[in-house]
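*Asks:* Make a model of the complete structure from these sequences and hints.
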Amino acid sequence: MAADTTTLVSLVEEFVSGLQDNKARDIATAVKDGKFTVLQLVEALGHSLTSSQPHTRARGVQLLSDVLQECYANLTEKEVTVLISFYENRLKDHYVVTPPVLHGLRALTKCTALPSGSAVSMLRSLFQDVHVQSLMLAERSCVYNMLINLMETRESELKGLGADFVFGFVQSMDGERDPRNLLLAFQIAKSIIHRGYDLGKFTEELFEVTSCYFPIDFTPPPSDPHGITKDELIQALRAVLTGTPKFAEFLLPLLIEKLDSDVQSAKLDSLQTLTSCVSQYEHKDLAEFLEGLWVSLRREVFQTPSEKIESAGLTALTALTSCLSRSVLNSESEDTLSTFLDLVLKDCKHHLCEPDLKLVWPSTKLLQAACGASNRASHIITAAVMPSLIEQYNNRTQCSHRRTLLEVIQRFIQSVKSSQPSESEETVFGAFRQSLCGIVFSALSETNSSLQIVATSVLTSLAQQAGLLLDSDVELAVDHLTRLLLTEEDDRVSLAVVECAGSLAELHPTVFITKLIPRLKTEIFAEPMEQDNNNREASELHSHHAMRQRCLSALAAISTQPSVVHESTPVILEVLSSAHTGSVIFTVEEVVLACHSLQRIAEHVEDTEESGQCFHGVVIPRMLSLALQAALQGEGSTGCHSPLAEEKVLTAMVPVISTSCSRLQPMLAAQTASKAVSLFLDADVSFLPNNSFPANIHLLKAHNVFQKQHEGSWTQSQMVCLLIGCVCSLPRNVEVPQIDHLLSQLEDMSCTCGHLLSYTSAAKCFAALVNKRSQGDSLDTVIQRTMKRVCGELDSTSSPVRLQAFTLMVWVAKALLLRYHPLSTTMTDKLFSLLDDAELGLMAAEGFSLLMSDSDDVLNRASHADVRIMYRQRFFSENSAKLVEGFNAAPQEKKANYLKALSNIVNKLPKEVQVTELPALLSLLLEALSCSDQGVQLSTLSCLEPVLIDPPPALIQQLEALVSRLLVLIGSSAMNVRIAALRCIRALSGFPAHEILPFRARVLRALAQPLDDKKRLVRSEAVQARGEWFLLGSPGGR
Amino acid sequence: MSAGSRLENANPVIFQRSGERLLTASEEDEDVHDPIDDREIFDLIRSINDPEHPLSLEELNVVEQVRVKVNDAESTVSVEFTPTIPHCSMATLIGLSIKTDVHITPGTHASEEAVNKQLADKERVAAALENSSLLEVVNQCLSTRKI
Chain A
192 MAADTTTLVS LVEEFVSGLQ DNKARDIATA VKDGKFTVLQ LVEALGHSLT SSQPHTRARG
252 VQLLSDVLQE CYANLTEKEV TVLISFYENR LKDHYVVTPP VLHGLRALTK CTALPSGSAV
312 SMLRSLFQDV HVQSLMLAER SCVYNMLINL METRESELKG LGADFVFGFV QSMDGERDPR
372 NLLLAFQIAK SIIHRGYDLG KFTEELFEVT SCYFPIDFTP PPSDPHGITK DELIQALRAV
432 LTGTPKFAEF LLPLLIEKLD SDVQSAKLDS LQTLTSCVSQ YEHKDLAEFL EGLWVSLRRE
492 VFQTPSEKIE SAGLTALTAL TSCLSRSVLN SESEDTLSTF LDLVLKDCKH HLCEPDLKLV
552 WPSTKLLQAA CGASNRASHI ITAAVMPSLI EQYNNRTQCS HRRTLLEVIQ RFIQSVKSSQ
612 PSESEETVFG AFRQSLCGIV FSALSETNSS LQIVATSVLT SLAQQAGLLL DSDVELAVDH
672 LTRLLLTEED DRVSLAVVEC AGSLAELHPT VFITKLIPRL KTEIFAEPME QDNNNREASE
732 LHSHHAMRQR CLSALAAIST QPSVVHESTP VILEVLSSAH TGSVIFTVEE VVLACHSLQR
792 IAEHVEDTEE SGQCFHGVVI PRMLSLALQA ALQGEGSTGC HSPLAEEKVL TAMVPVISTS
852 CSRLQPMLAA QTASKAVSLF LDADVSFLPN NSFPANIHLL KAHNVFQKQH EGSWTQSQMV
912 CLLIGCVCSL PRNVEVPQID HLLSQLEDMS CTCGHLLSYT SAAKCFAALV NKRSQGDSLD
972 TVIQRTMKRV CGELDSTSSP VRLQAFTLMV WVAKALLLRY HPLSTTMTDK LFSLLDDAEL
1032 GLMAAEGFSL LMSDSDDVLN RASHADVRIM YRQRFFSENS AKLVEGFNAA PQEKKANYLK
1092 ALSNIVNKLP KEVQVTELPA LLSLLLEALS CSDQGVQLST LSCLEPVLID PPPALIQQLE
1152 ALVSRLLVLI GSSAMNVRIA ALRCIRALSG FPAHEILPFR ARVLRALAQP LDDKKRLVRS
1212 EAVQARGEWF LLGSPGGR
Chain B
25 MSAGSRLENA NPVIFQRSGE RLLTASEEDE DVHDPIDDRE IFDLIRSIND PEHPLSLEEL
85 NVVEQVRVKV NDAESTVSVE FTPTIPHCSM ATLIGLSIKT DVHITPGTHA SEEAVNKQLA
145 DKERVAAALE NSSLLEVVNQ CLSTRKI
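Protein sequence lines correspond, in order, to chains A and B. Okay, so the first sequence: first residue is 192 according to my numbering, each after it adds one. Okay, so the second sequence: first residue is 25 according to my numbering, each after it adds one.
Worth double-checking, as some hints may not be accurate.
Claimed, not checked - DSBU-like mimics (lysine-lysine), calculated; alpha carbons at most 35 Å apart, straight line:
#1 B/Lys93 to A/Lys1205
#2 A/Lys549 to B/Lys141
#3 A/Lys549 to A/Lys449
#4 A/Lys549 to B/Lys93
#5 A/Lys437 to A/Lys392
#6 A/Lys301 to A/Lys214
#7 A/Lys475 to A/Lys449
#8 A/Lys537 to A/Lys475
#9 A/Lys712 to B/Lys141
Source of the hints: derived by calculation from the structure; they are not laboratory data. The model shown is predicted, which means the values in this text are computed figures rather than measured ones.
*Replies:* Now the structure itself:
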């Protein structure tokens, strides 16, 4: 024990006189381990604590505080009491002693054994003896932390201090300048307000001491280690200022004053603060400032050039109005909401009568912001504005006026949508239903297309008002829409009509089933009228085709409800089958459109049992059956071709099947897949409707390249693309039956077939299945077998199926790359080596673009493929070195292939990666710019342009080389290259001004030439680029 | 632009913007020479900003395509512009921002002749553009609007 004491004394000695700070840690560990008690430490310190030298005393207290910092948790209540009274006493000591005392006190505030009453006494002496703002930054933060700790644990005791606590805090933070401490101070102020401390007569003081920082203007120093942002401070201060209605009388005048400022950020902050404060307020807090607030808000929305401020102003108005609407009215107080809205209406309503002047829109927006705030507000405002809008619409004759008025009306209807009334109340527009419908229908009957377009969107918004339109209105609307669909030639109008029909059909499916679908059906199947005049006939045919097109897209748009789909898909299927049999003549384009419509339906219909049944049970078997019939027919006779044997139609059918397999009812999709597999492998036609097929079906037996080709011999083999739809987009947990057999058949076909669509489809299908196959030996065997076969074909330069083997390899490489399969590198390495190939080199370069881009039919996320995140970055970082190496080693005439491959890869990388990887590749890219191949130039320029918008430093160093190469390219003979080069030069003007100013004169001179280019598109790019460069460095420019 | 009272014309009539020029097949054809026409020049000046509103000259109907005359063969361009109000003090500034052969549409400005004369005088135009505060406003008119 005696030995212990002497060690302790020597440790203390070393700390106090020897100034060795690490001894504090040793002592603290010893105290924690129970070797010494705090009492022993104090006894050992005795001498230094009573020394006549303030610095020695400070050092002594520091040691004690440092130890307490570590082991405050182990102190007993008695020890704490003694320590607190010691520390309180020390606060009166010399100023050099104060910092360690504060650190000690802070440690004690974290102590759980704090006796009751000690918090109060600690704070009393703190507020009494210390002037916080004359302390250093760390000590001020120490004081704030003490307050925060005590407020956490001793809330009731502190509240006992009453307003003195608030006063003490106000005094402590008054004049604080450091952002770190301000965040702490704001946090305390927020707790004071939110936890209901008594502000007493110090409300205004607390407000003053915090609001003097509003609006916050703070730019963190560059490389700020504390990472405090302006936004953090703004949010913290806003939480204080908007925390209590007691501040209302001070805050609102302040906001009005700051809104008047010229600084945009101050305006924005004021508007946002206003929005957030009114959520706490009641109408009586606001009453006296309403007029001032309104004047400021109106001024901002009427005049600001900034959309941000406008929308902040509108949000504030909505918040203000909903605050006023919330308040409970009693008999004596006046209705502040209606007084306020009167004010708004008085200033805005008359602008609505001038539909061609600028202020009509700001006024509309303001009124709508108020209108959308509450149900009562929307009743008041619509009652005031709608009659006059309707009357004006009926009186005005100019189309542009009417259109503006209609747009205004549409905005009003939309703004009310957000505040749905409860069941019992009348809808806001109930009183105007009839006249609004009248307006819409009359506008739909006008000839002005923009008026018609606006009318359709008004109709949509009206329909979305629950319970507003009567059935008779909807029927009339459908009549109008049908008429427009059948007769209107303008694309924009028919697009709007189709969209409107789509949203109406979702709400009122029955009307569309009974009225629109039968009508469209008759029109689609009507033969174009016979005409004598040939010219006339051509235009007739054209308009007939356009009409069919509109009808088909309308059928697709309205089919979102399963009940509608049930009626609309048979119509489209009938189009396909009549096109096949030739009973009604449809062009190939029309059949393709029909397939697109089916695809759209499959994409948008609700995934229910009914819709799944419809697609898997009816649509897909029917399509397969028709395609098969067409294929067999095409094979037999060379003369008559069914449009369904056309490649275009088949490729349009694929997404219909694959979308339904990936989206609708996995159970049914699995059945579809297994039926399709048995159709393709075993020629099992039992599930197809009208299954009277001949026996010579052999869909996966390719005619190989050696056999004599005759027209129509591919009609069966190309059907393999439909197999893609059936088996490649299934969810990954659905098993494909007979997969090994299927894979080997597909491999055979893709390596032997001589028909482009057939072998590409087979390769895609194979790849997609490989991508989803679970990891294991069987997968590896398949890959290795394929690999061997493909490499064999590729290595023999005389092989007739090199192209086929190459295609299969690229697709399989993609499939493996996407899932990070270890064997993918062998594939991609092979691809790299092919860049030198005389025959396939260019295709290999293009192959990289296929590897890196998303393909739209297979191997994407929509078809549930196994796609790992960031596979592109991974591929790039693993292979960029190979590419550079290969480029350097390649013979001159093959270098272009490498550059093309590079730009194909870099083009598809996310921009962040491009920027970080650019320095390594820059020299290669610059080389690519001076390469003579225009394709390489173009793709390099297109991959440079986005990078130039936010230039990495590496690029700035190469500015000279970049500028001179770009300036050469603006004289290129290809206009696309000239345009792309000019765009890059324009993007260069956004570089830091001091870097590019030296080039200004040279660039301006060079840009004079393309200003007089013979192509208009080049000239307009040149004008823009030169404009930007001209403004560079001149007053008012950049 | 914070106080409304400072604007000479706070609530001007707004006109619809014309859409982008439609791309024709011949414009994409490498071998065809596209002549400079009225619309092309109009496209160059329609997006110039008004000195006091966040609106373009087209939206204020200060410039119109019919008032732009181009003769590619003789290499002449003539532009007439219409001030929004007859006493518009910004007329000369707008003229400077367009800066070709510019005239005010006859009968639309109080001091039409004086403005036309100023704009036609090369030396006065050059002198005006040496005034840096004037140049600053002109450049602001010319900057593409960023939102």
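*Asks:* All the hints need checking, so say for each whether the structure fits it.
*Replies:* Results of checking the hints against the structure:
no. : hint                 : result
1   : B/Lys93 to A/Lys1205 : 20 Å, holds
2   : A/Lys549 to B/Lys141 : 31 Å, holds
3   : A/Lys549 to A/Lys449 : 26 Å, holds
4   : A/Lys549 to B/Lys93  : 29 Å, holds
5   : A/Lys437 to A/Lys392 : 11 Å, holds
6   : A/Lys301 to A/Lys214 : 23 Å, holds
7   : A/Lys475 to A/Lys449 : 22 Å, holds
8   : A/Lys537 to A/Lys475 : 22 Å, holds
9   : A/Lys712 to B/Lys141 : 69 Å, violated
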